[in-house]
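Given the sequences, and given the hints that come with them, work out the whole structure.
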Amino acid sequence: MINLYEVTETNKMIEKENLDVRTITLGISLLDCIDSDLQKLNDKIYQKIYDAARDLVKTGEEISREFGIPIVNKRISVTPIALIGGAACRSKEDFASIAKTLDKVAHEVGVNFIGGYSALVSKGMTPADELLIRSIPLALSETERVCSSVNLGSTKTGINMDAVKLMGEMIKETAQYTKEEDSLGCAKLVVFCNAPDDNPFMAGAFHGVTEADKIINVGVSGPGVVKTALEKVRGANFEVLCETIKKTAFKVTRVGQLVAQEASKMLGVPFGIVDLSLAPTPAIGDSVADILCEIGLEYAGAPGTTAALALLNDQVKKGGVMASSYVGGLSGAFIPVSEDQGMIDAVTAGALTLEKLEAMTCVCSVGLDMIAIPGDTKATTISGIIADEMAIGMVNQKTTAVRIIPVIGKGVGEVVEFGGLLGYAPIMPVNRFSCDAFVNRGGRIPAPIHSFKN
Amino acid sequence: MKKTIITVVGKDTVGIIAKVCTYLAENGINILDISQTIVQDYFNMMMIVDTNNTEKTFGDMSDELVGLGEQIGVVIKCQKEEIFDKMHRI
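Here the protein sequences come in this chain order: A and B. The working numbering puts the first residue of the first sequence at 1, with every later residue one more than the last. The working numbering puts the first residue of the second sequence at 1001, with every later residue one more than the last.
Derived by calculation from the structure, the hints in this document are not laboratory data.
Chain A side only, calculated, beta carbon under 10 Å to chain B, not exhaustive:
| no. | residue |
| --- | --- |
| 1 | M1 |
| 2 | E62 |
| 3 | R254 |
We treat Cβ as the ideally placed atom computed from N, Cα and C, and that holds for glycine.
Right, dumping it as structure tokens:
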């Protein structure tokens, strides 16, 4: 039977080390809502989401109470709207009306984000894809809880550079549309290479077309738990270090698995995956950067950071895989800047640059995340940053992403405050040399060769 | 059997166990196991209880025990056993 020591350990993780389940995300297919009449389409979308998700928040709270574990977010992801709205939408405003419907139903059922205002254009764009992409600034400025994502490339298809160029412009435009709120719209907009169909985390969650009608995906979190475990093995060798991370990741992920199964049972929706993630928040002691410091770095960004992050990411997966029956999503350590106090400190101290962050994304989950840059950064420069990050994902057969915020009216050294889980960030300098001619070429970068690996 | 873990943590005082056990007895909740330590004047107790025969819902039982804890001056927490089982047993 369970003993006092084990109970105390679990409760200490929850109460003192910020162990929580970061999100229960209900994926809902909207394929059966497709209609050529915009009003009917909006009505069907509202009804389907409302019927599927009305008990989601209540169920999350009930599970949280029964097990005494916080479940921070309850969220919804839907089929990429470019596919759903293609038959009905003739203008940007038409697409934005779907975003408003999503926002309305999100408020109604009480979820804090709804993802899937998305297009999958890794090889080419249909007219509907392009229209949706062009409507993103409008949609994000007129809604509060809608998140948008665009898949721009994959290992199998290469990189759609026309879409990369367009997204650079759309990110700038979104920043401009939401400049009164420090360009907050861009915090809800992410571009991907190799986007997963079952990601429970925002802003990139969408319900892929290969998924079932409804599915429950869960994202766990526990940087504080890993950090505390590592405090006990200071100075020990890498074998001990890695074993400690693995064991801790196992425990953290088991909680996610339990919550996912309970939610699946209570909602009558199949369990999809657990995302084996280390997701930080701006709260003190809930930082991935602090783990890197505990591993032995003065600040995240110091030499050794990429290696430390690589081992952390790998051990989290190795420990987590055995703890869960199905693993998916983004799985790995997240390194958002504004959502992690240790990362913010590292940027402020001058230890962490955009270039180092890019190197870090080669070995960890996702990519350049929640990075504030000067508002006068050119659209082509943003496209260049995106292209670099997509190339890393394409060649390394991993998911990479860019969620970058050009803060209109602010420059390097100033601070931008997004609030809540999105945190705050010092504005980082961007390489000032031009890539205009590169971005303006147009077309696609071909898929990479899968042999002669060097 | 539906098992719940009740933990009680706080400054040691006379009658903590008595008061908690009285509540459990009055509500038909059977105690399967108790372990308790005192570290630096701090009372730390864990009970494994069987809630099959109580008429209370989990939520009501949890709220009432939290309330009882506030009266005694300790923190009482109720959690279903699975979270510990999952985390510490393969």
